[in-house]
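Here is what each chain is made of, one letter per residue.
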Amino acid sequence: MDNVAIRVAGISKLFRIGVSRERYRTFRDTLTASFVAPFRRAAGLLQGNPMAATNLSETFWALKDISFNIQHGEVVGVIGRNGAGKSTLLKVLSRITEPTTGRIELYGRVGALLEVGTGFHPELTGRENIYLNGAILGMSRREIDSKFDEIVAFAEVEKFIETPVKHYSSGMGLRLGFAVAAHLEPEILVVDEVLAVGDLNFQRKCLGKMNDVAKQGRTVLFVSHNLAAIRELCQTSIVLDQGKIAFRGLVTEGLALYTQQILPNVARVENNRVGWQRLKAQGQEAGILRTSTDEGLTLDAWFLANESIRRGFFYCIMENAIGDKILHQRLESKEIMGSEIQPGLYHFTVKLPPLWLAPGLYTLHLKFLETDTDTRYRRFLSENVIVDMYSPVPSVLEGAMLAPIPSWKVDLEQVEQVN
Amino acid sequence: MVPLEPNIEHPPPQPVFSAQPYLVIEPSRGWVSLQLRELWQYRELLYFMTVRDVSVRYKQTVIGAAWAIIQPFMTMIVFSLFFGRLAGVPSDGLPYPIFSYTALVPWTFFSNGLTYSANSLVGNANLIKKVYFPRLAIPLSTVLSSGIDLILAFVILLIMMLLYGIVPTINVIWLPFLLLLTFLTSLGVGLWLSAMNVQFRDIRYVVPFLTQFWLFITPIAYSSNLIENDFLRALYGINPMTGVVEGFRWALLGANTAPGLIILVSSLVSLVLFVSGLYYFRRMEKTFADVV
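Just so you know, the protein sequences line up as chains A and B, in that order. Just remember that the numbering used here sits 750 ahead of the position in the first sequence, which is counted from 1. Just remember that the numbering used here sits 5 ahead of the position in the second sequence, which is counted from 1.
For reference, chain B alone in the conformation it holds in the complex:
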C-alpha cells in the first residue's frame, strides 16, 4: 500500500530508565526560589521572543522605526521651546536642547519598557494558558526589545553632540553601568506592574498616569542642581531615574553635576525594586494561568 501522506521517519526515542525523576511537580510553598538557571535554559526562547517583539513593533506603520526617534525628539523640541526659551529653566550651562535630549534618551527607554512590560502578561495570556515556560521571559523580552528604540535614539544623540561640538568625558566608561541601571529599574517596576495587572486590570489605567507623573519628578526638563542642599540632592536619588539622568549628562556632556552620591542612592533603590519585583513575580507566577 502506498502511503497517502509523506511519511516522516523518526528514530524511536530512547526510553529513560532512571531512578531519579527528570522533573517533580509539587505545589510551591512560602518563598519560592527564583529559578534563574531554568530561565537560562530557556534563553533561546527569550531570544526569539525579543526578536518577535522587535520585528513586530513597527510592522505596518508608515514611517516605521522613525517612531523610536520622533518620540524623544519631539518632546525635546517642546521642552526646549517652553522650558528652555519661555521659562528660562537653567540647564547646567549646556545648550538646552541637548541638555533635555540626553535625559530623554534613557527616559524613553525606561517609560516604554515599563509600559510594554506592564501589559505584557495580559497581552500574552494565550501563551500563558497553553504552554509552560518561565513566565519571566515575557516581561524580560519586552524590556529587552525596547533596547532597539534606545539604540536609534542614541544615534541621534551622538549626531547632536557632534553638531554642538561636545566631546564626551572619560566618565563615558560609566555609561554601560547607567544603561544597566535604567534596564533594572524599568524591569523592576515592570515586573511588579505586570504581575499585578494579571489580577487587577486597574494597572492598565495606572500606567499612563504613573509614567507621566514620573516624568515630572525626574530632572529631565530641569536640573537637580536646583536643589542646593547636598543631602537633599542625594535624597532625590530615591527616584532611580534621577541617578540615571544626571549620570547620563555627567558622563556624556561633562555636566558639572557630581552625581556620585545620587547614583549610589539610585542604584540601591533600583536594586531593591528589581529584586523585590523578581520575588513578587515568582510568587504570583503560579496563579497566572488560572487568573489571566
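Chain A with its partners taken away, still in its complex shape:
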C-alpha cells in the first residue's frame, strides 16, 4: 500500500516585492514626487489595483514548480543557499502562506516549528505562556495539561513557572519555548533552523531532542544551514536552488551535490577578483570525507588573487555538528606570503596532525579576511569539507569531546591477603 505522508505537486509561489525606487536627481524632484506619489497611489487604488498602491508591482518566484513525495517516517533535510526557497517551502507546507499554484496533500496532522517561543508574551507567567504557546502550536488544553510537568522539567524552569517571562534570562525563555514545541506530537513535523539560537548546551539539547523525534518514526522536514546536523538527522534530502528542486534523494548525495555544485557557484559569482577556488581534503574534492580519528588531515586549496592585496588573514576553521569551534587558527598573510600578496593563483597545503576527535561529523573550511585598508574588511570563505571521523578502536564511547586512545597497563604489585 502507498505510504505517502506528503504529496506535493507543482507548487509555485509568487512574491510581490517593492520596485526599486527611481533615483531623484534634485531636492525639488524629491519634494514634488513626495507630493504627487500619494495621489498616484490613491488613483491606483481607485482603479482597483491595490498592488500599484503599495509599490508592490515587482514580482519574483520564490518557488517554481516544486513536486515531490515524502513517505511516512522519512526524515528529510532541506538544503539550499539563502533565498533558495527553503523557508517559503516550509511556510507553504504549514499553511502560513498560500501557494500561487499547485496542490499539496498531507496525510496527517502537521506541526510547524519555525521559531522558538512564537507568541510568548513577556507579561505572562511561564505557566500561562506554556498554555498560550501550546494552543498556538495546535495542542489541545488536555494535551498540554498532561504534558505540563514534562515541559517544565525539560525547560528546567520549575522555580520560575509563576514568574512573568520578561524576568527570564534569554536562555530560559528559549528553553521554555523549545520545550513546548518539543512536546508537540503531530504526525508530520516541519522544523526551520531552530537550532541556530541559544547557547551551546541548549543547541546540543535541541539536536538531541530532534534526534529522538526522528527516531520515533515521525515524518520530519528539517531545514538547516548546519550541514553536519542534516547529515546526522536525515536519511534523505531535497536540495533547492533558486526555487527549484536541484536534487531529491539520499542525504549523502544531496550534501555532496550542494557542497560541490551549488556552493561553489556562489563563491565564483561573488568574488571574481579574489577568493578561494577549490578545496580538497586528503586529495578528495569537497563532499564528505570519511577518515580515522588517529589520522592527520591534509587540505589542499587554491586561492586566486587578481590584484595585489596588502594585508589579510588566513583562517583554518573546524566545527563540530552543532557548531562548536574545534579549531580556529589565524595566520597573517605576510607571515607566509611576504609583505604583499602578488596577483596569481596560490596552492595552499594545510596539514593537521592527528586530532583524536570523538567520532562524529565535522565541518572544515578556510577563510580569508582582507583588511587591505582601514575601511576594507572583506571575508572570503572556502567551500567546506565534511569530515566523518570514526575511531579505529571500538573502546571509544559516545559523549566525550576527544577520543585519544590511552594505552592501558596493569601490573600486579602485591598480593593482598584476604583475612
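Simulated from the structure, these hints should not be mistaken for laboratory data. Positions of the beta carbon are idealized from the N, C-alpha and C atoms, including for glycine. Be aware that one or more of the hints could be misleading.
Claimed, not checked - Pairs of lysine to any residue, SDA-like flavour, derived with a Cα cap of 20 Å:
no.	chain 1	residue 1	chain 2	residue 2
1	B	291	A	853
2	A	814	B	32
3	A	994	A	871
4	A	814	B	64
5	A	1101	A	1034
6	B	134	A	833
7	A	916	B	131
8	A	916	B	67
9	B	134	A	898
10	A	1101	A	1081
11	B	134	A	943
12	A	909	A	898
13	B	291	A	762
14	A	959	A	868
15	B	134	A	1105
16	A	916	B	60
17	A	916	B	26
18	B	291	A	765
19	A	1101	A	1056
20	A	994	B	32
21	A	1075	A	1105
22	B	134	A	871
23	B	134	A	867
24	A	959	A	921
25	B	291	A	850
26	B	64	A	914
27	A	916	B	62
28	A	916	B	58
29	A	916	B	94
What the hints assert, rightly or not - Derived coverage of chain B by chain A (criterion: at least 3 residues anywhere in the stretch with Cβ under 8 Å from a Cβ of chain A; other residues may be distant):
no.	stretch
30	27–34
31	51–57
32	60–70
33	131–139
Mind docking chain B on chain A? Use the hints.
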C-alpha cells in the same frame, strides 16, 4: 551509557494509512468559504488569546482595571457639565449623567473593540508569519477581551441606577440582543479595518479620527428625539450605534424613545457590516503572512 539529558519517552505515533488526505492545500479562488467550522476547532486558542489580552491589558499600570471605568465615567462628567448644564441639551426627562453614561457604556465597548481589533493583525504580525491558525481568531479575541471593560463599566451603571432610584423596565430582556448588536458592529468594522491595515498602514491614522467622528454622530450626548420626523429618525438607525444607544436607554432606563424601528434598521446595517467584514477578511487572509 548514562543519558546526559532527561530522556522523555513518547509512544511512537501511529502512522496514518488513509487513502484520503488529512488536508489538501490549494490556492483559493474567487469567493472563499468562511471556514467557521475550523474556527470552532481552534476555540481553545481563541480562549487563550482572549485570556492573554485580558490579563495583559492592565499589567504594569498603577490603577489597573480602574481605567475601564475612568474612561466612560470622566466622559460622562464632561458631557454632563457642558452639554447637560451649560448647553441644556434635553435628556428625555432623565437625569443627564445617567442619560449619557448609559450610552457611554456600550459606546466605550464599541470604540475600544474597534480600535484594538483594527491594530490587532499588525500587532500580532510575528504570530501570523510563524504559525498557522484561522486569522479570524485575532480580531475576534481582541473584541471579546474588551468585554471585560464592558462588565466593569456596567457595574458602575447599575450602582448609578440604584443611586438615582431607577428600576429597569421589562424591556431589559432585550439587553443581551443589544449587546450582541454592539459586538457584531464593533467586530464587523474591526474586521474591515484590521484586514485593510495589513496592507495600508493609513488605517492607523484613520481609526482615532473615525471613532471621534462616530462619537458625535451617535446620540450619546443628546437624544435622537431631537429629530421629530419618524421616518428620518428610523433612517438615523443606519448608524448601528444609534440603535444600540437608544435601545440601552429604552431597556434600562425606560426612556420613552420607542426605538423599535431604529433598532431594526441598525440590526440590518450591523449584519451587513459584519458579514461583509467576514468575507473581506477571509478574502484578504491569504496575503496576510506575505504582506504584514
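Inset, instruction - Run the structure past the numbered hints and jot down the numbers of the failing ones, going up. - result: Of the numbered hints given earlier, those the structure breaks are 3, 4, 9, 15, 17, 19, 29, listed in rising order.
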